[in-house]
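Q: So the chains spell out like this:
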Amino acid sequence: MMSLIEVRGLCYAIDNRSIFDHIDLDVKQGKITAIMGPSGTGKTTLLRMIGGQLRPDGGTITMDGQNISTLNRRALYTLRQRMGMLFQSGALFTDMTVFDNVALPIRVHTTLPETYVRDLVLMKLQAVGLRGARDLMPSQLSGGMARRAALARAVALEPEIVMYDEPFAGQDPIGMGVLLKLIKSLNETMGMTSVIVSHDVAETAQIADYIYLLADGKIVCHGTPDHLLQHKDPHVCQFMQGLADGPVAFDFPASDLRSDFGCA
Amino acid sequence: MDFFQQQGKNAIENMRSLGRSALILWHAALWLPVSVERYRLLLRQLYRVGVLSLLIVAVSGLFIGMVLGLQGFNTLSRFGAEQALGQMVALSLVRELGPVVTALLFAGRAGSALTAEIGLMKATEQLASMEMIGIDPLHRVVAPRLWAGFISMPLLAAVFSVIGVYGGQLVGVNLLGLDHGSYWSNMQSAVDFYDDVVNGIIKSLVFGVLVTWIAVYQGYNARPTAAGIGESTTRTVVFSSLAVLGVDFLLTAVMFGD
Amino acid sequence: MQAKHLEIAVGLFLVVGFFAFVVIAIQVSGLNRDYNSDSYQLTARFSNVGGLQAGAKASSAGVTIGRVKTIHLDSDDYEAVVTLAIDARVDFLTIDSIAAIQTAGVLGEQYISISIGGDEEVLVDGDEIEDTASAIVLEELIGKVMASFSK
Chain A
1 MMSLIEVRGL CYAIDNRSIF DHIDLDVKQG KITAIMGPSG TGKTTLLRMI GGQLRPDGGT
61 ITMDGQNIST LNRRALYTLR QRMGMLFQSG ALFTDMTVFD NVALPIRVHT TLPETYVRDL
121 VLMKLQAVGL RGARDLMPSQ LSGGMARRAA LARAVALEPE IVMYDEPFAG QDPIGMGVLL
181 KLIKSLNETM GMTSVIVSHD VAETAQIADY IYLLADGKIV CHGTPDHLLQ HKDPHVCQFM
241 QGLADGPVAF DFPASDLRSD FGCA
Chain B
1001 MDFFQQQGKN AIENMRSLGR SALILWHAAL WLPVSVERYR LLLRQLYRVG VLSLLIVAVS
1061 GLFIGMVLGL QGFNTLSRFG AEQALGQMVA LSLVRELGPV VTALLFAGRA GSALTAEIGL
1121 MKATEQLASM EMIGIDPLHR VVAPRLWAGF ISMPLLAAVF SVIGVYGGQL VGVNLLGLDH
1181 GSYWSNMQSA VDFYDDVVNG IIKSLVFGVL VTWIAVYQGY NARPTAAGIG ESTTRTVVFS
1241 SLAVLGVDFL LTAVMFGD
Chain C
2001 MQAKHLEIAV GLFLVVGFFA FVVIAIQVSG LNRDYNSDSY QLTARFSNVG GLQAGAKASS
2061 AGVTIGRVKT IHLDSDDYEA VVTLAIDARV DFLTIDSIAA IQTAGVLGEQ YISISIGGDE
2121 EVLVDGDEIE DTASAIVLEE LIGKVMASFS K
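Chains as they are written, first to last, in my numbering: chain A, 1 to 264; chain B, 1001 to 1258; chain C, 2001 to 2151.
It is worth saying that the hints were derived from the structure and are not from the lab.
The structure displayed is predicted, hence computed values, not measured ones.
Glycine is no exception: its CB is placed at the ideal position from the N, C-alpha and C atoms.
Be aware that a few hints might be false.
To be verified - With a straight-line cut-off of 20 Å between C-alpha atoms, the simulated SDA-like cross-links for lysine to any residue are:
hint, chain 1, residue 1, chain 2, residue 2
1, C, K2004, B, Y1047
2, C, K2004, B, R1038
3, B, K1009, A, R17
4, B, K1009, A, D95
5, C, K2004, B, L1043
6, C, K2004, A, D95
Claimed, not checked - In silico negatives: residues of chain C with every beta carbon more than 10 Å from chain B:
hint, residue
7, L2012
8, F2013
9, F2046
10, D2077
11, A2080
12, E2130
13, K2144
Work out the full structure: start from the sequences and follow the hints.
A: Set out below in structure tokens:
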């Protein structure tokens, strides 16, 4: 199985605080790869680096053999046409209708006549169940609908790889089920490679083929969902089973309790 | 030593943001509305930046002209030089007040809106998602707004000056009884096309670039939070007002100081 | 907003803006009263032009008939030589006309007043007005008055 994206020795720091410390990671072609970890471990940052919006301090990220962090602006924008990204907030353009949002990538990157564009857009909207909402403005959509519309836009150009940033966060159970089904079917029917960044263990484990667990700037563990769920390591157990206390402490680092209350 | 280190760090950071803003300006300047798509983007921004600022500029121009007429008449009549009112009103407007006051109004009306809009697009990840779609936000979002500002500002300043001159006439001639002919003929003999009018237009062009540049940069570099956008909007109005007044002094010294 | 209305609004804005430019150019700066095209030139020598500047008007009996084109200092006799552009329609300035530098109001701008004489012959392009009266410089006048008082 070929790796579409290879991350090797990735290092990144913000204000001397290390976010990534020599991370290695592979995204296999046609598979759903999940990157999981507690909030604040830089999962979204990793997606942004794959998309070329941030540059790593060290190490390489390659897609199809091209080193993303050394591409010039033009080459980067060309490469991005092969990627789709679903943002956490949906990030629909608020000054145009749902239809125009989905049509934008097609209109910008192809010279198809408007009738073809219309058919393509309606097909994508049909796939996410929003064909009837094509004339609505983004502000008129619910959170779940906005995310589905954004998904339709992300796959409008049928990219080779789709990146999902916290797709399940803040969704009701029905919306969650719809998104799970959509991601799975996009992966199976269109053969798209998927990268999911999430901290929702149960949902992600349902559809992911391979999971990387990220904590403290390092890959703590990686393997198939079953492998991880049965793992004995306390770090892995705590995260996968959602325990309040464990190696990742419940308390934010603080001085001794007694000194704060004056009993020392 | 810490103090000096901090100063050095600040200096480097300031240089960096200056360079970054210059690059934005450069990228946007190369963008020309040559395609239908770009023409539409520019049109929409011209409407929002230019047309929507027209009313406030026109009304302010009228009042400033009327005040100039009133004050000028009272002062000049002490020296028996009321006939010079037209000249005073027109020169004040064409050389100074037209470009400067319009730029200040423009910063408050259009500049703050530009910053808030771009900042909000950044905060809601619209700019990032645009990049991921493979569309450069510098081209799609920033450039049309910059060009709309460059084009609108001189036109607005011209409207301001013309309405101001008629406002001065309204007070000086129609209200205070100055002769209509001497108001205009004095003005025409005193105002020189190249020295005064063209220099006034150059001023308003420069101010247009300054204000929209600052507004767009502040929006593009806003911290993506509610408070951050508020700060950036304030900075746009403060910085562009100061920049306009400061650069106005320099331009005046170069243009009119012999 | 519909695309059509948007275009109309922006179009109107551009028209209004350019119209404002035209008004400034013609109505405010008086560009239409350019004497360069159909005018003829006269010169006049003054011992002192005071605050007279290029672009100042030249009038006769209060009617503007031309304007000052250039002012330069003659290297031979150190007098100011003023070149006037006079409207071609005013072709009846006699050779004994008097050019005087006067001030509009007490502190107003300075202009050239031409009093037309009674001679048969008229001035043509390139001629010189022989009879001139220099500017009254207020400071000199005050200085003389002060001097007479102190005697």
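Q: Now, for every hint given, state plainly whether the structure supports it.
A: Outcome of the hint check:
no., hint, result
1, K2004/C - Y1047/B, "holds, 12 Å"
2, K2004/C - R1038/B, "holds, 16 Å"
3, K1009/B - R17/A, "holds, 18 Å"
4, K1009/B - D95/A, "violated, 39 Å"
5, K2004/C - L1043/B, "holds, 11 Å"
6, K2004/C - D95/A, "holds, 17 Å"
7, L2012, "violated, 8 Å"
8, F2013, "violated, 5 Å"
9, F2046, "holds, 19 Å"
10, D2077, "holds, 26 Å"
11, A2080, "holds, 18 Å"
12, E2130, "holds, 26 Å"
13, K2144, "holds, 22 Å"
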